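Trainee: Here are the chains, one letter per residue:
Protein chains: 2
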Amino acid sequence: MSIQCTFIGSGNLATRLALRMFEKGIAIKQVYSRNLDNAEALAKQIKAEGVSDPAKVNKQGIDLFIVALADKAYDEVLPYIDFGDKIVAHTAGSVPMKKLAESANTIGVFYPLQTFSKGRMVDFNEIPLCLEAESDEVLRFLEKVANIITDDVRVVSSEDRKQLHLAAVFCCNFVNHLYALCESIVNKADLNFDILRPLIKETASKIETLSPKEAQTGPAIRYDKNIINNHLDLLDEDENLKNVYELLTSSIFKLHNQ
Amino acid sequence: MSIQCTFIGSGNLATRLALRMFEKGIAIKQVYSRNLDNAEALAKQIKAEGVSDPAKVNKQGIDLFIVALADKAYDEVLPYIDFGDKIVAHTAGSVPMKKLAESANTIGVFYPLQTFSKGRMVDFNEIPLCLEAESDEVLRFLEKVANIITDDVRVVSSEDRKQLHLAAVFCCNFVNHLYALCESIVNKADLNFDILRPLIKETASKIETLSPKEAQTGPAIRYDKNIINNHLDLLDEDENLKNVYELLTSSIFKLHNQ
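As you go down the protein sequences, you meet chains A and B in turn.
In terms of numbering that gives the first Met the number 0, the first sequence has 116 at position 117, counting the first letter as 1, and numbering is strictly consecutive.
In terms of numbering that gives the first Met the number 0, the second sequence has 153 at position 154, counting the first letter as 1, and numbering is strictly consecutive.
If you are wondering where the hints come from, they were derived from the structure by calculation, not from laboratory data.
There's no promise every hint is true.
Note that the list lumps identical chains together, so a pair holds whenever it fits in one copy or between two copies.
Derived BS3-like pairs (lysine-lysine); straight-line CA-CA distance at most 27 Å [unchecked claim]:
#, residue 1, residue 2
1, 23, 58
2, 253, 117
3, 85, 241
4, 212, 161
All values derive from a computational prediction rather than experimental measurement.
So that you can see chain A by itself, here it is in the shape it has in the complex (with noise of 0.2 Å):
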């Protein structure tokens, strides 16, 4: 008896996992967006329906309904849905568990740790899947799911969701937000962000075999003056960037000798 799966939501998130599962062999009935082109063009890769009606999700059949909205949207599209008794698992890192309770009846969790953007595919069977259920029963048929689409299945609580999510904006969002300055910095200079990209490959590899304490490197570490001084003055023009140096720049060198 083959899986069928509709999706609240087409952002990144689910439009990556959709296309997963789809892939997979699990059909995808329908797909709700509030904009329907958004639910569509999701829709149409997937062979399945867009709908922008809450009151057009039909629970008829499914199996399961992975609510993949942000989070502020949840209260503002979850009470219109009859999701009657089936499973209604969310994949997001900041919201508890218990939030679905406030719509449906039978909820769990389906947390992809990754990041997701549309146009890019990833690697899926190395993305650490994390369960939770508000029943043993609803975490098997979750972890029977979970299963076909990666090799890392893990049952975290809702406590530790919180705090791995966390974790995630400093090691993924902020990281990314790091690249980007970088890119400033070089566009500024008519430079090619491509010459750094061996180092950036690098950085994180190395983190592979070494703790991120032993892997270290740059004058933060060492407190040089000099550089940091020249570095600051190089900022001069750019108040955030050179907050952004000063503080990140003391953090490492606090880290380093507690």
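Given chain A, put chain B in place with the hints provided.
Mentor: Then chain B, alone, in the frame of chain A:
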């Protein structure tokens, strides 16, 4: 005719570069370090002599002195070495070439744009080697050496090198520090850092196909106040983490709403 080289310095960069040169058939005659144990630890791996007395550095038969010292050590070491008219090239991102003119007659720069740790092998073929020289003749010699050890040889002025080094601090040193802060969050919550490795890897890989601005995800770009405040609550006991979180969140928001 084989090239003969002597290293002034035995740190992370000196170690990886000397090992690479040795592997590629360049003879290393001596390794100087203020600490004899450090000099000998590297020297014995590359059939060289370790010395800690600047007067024992022998220019006889040497084609190239590589200066790989911490920036602040230049003045404490270089004036005490007799380089004669031999080529002396430093490996620092942040030191202008002309600094060497205080202690040497024939000068250049040989700067590998990469992060090095003693215990970690790195793929030298794809490291950008940034060269600068006071004359075409010296530049041609440095190019000859550089081409032996990498496929990516570039001529970069002192001014541009300074900007690249600053950019490298953001995308390497600061990025690695965010990994360290991330590790401190998961450790404190008694979780395993390993669960974040696929995310760290994908965050770096993503910008091979997307610009950092396109690749940005997370609560800060949406300015999701609810999540941001929850995260700040979780960080309440750690002033430093909280400051980093607030500054980078506002920096992301600014960049995407300029």
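Trainee: So which of those numbered hints doesn't the model satisfy?
Mentor: 3
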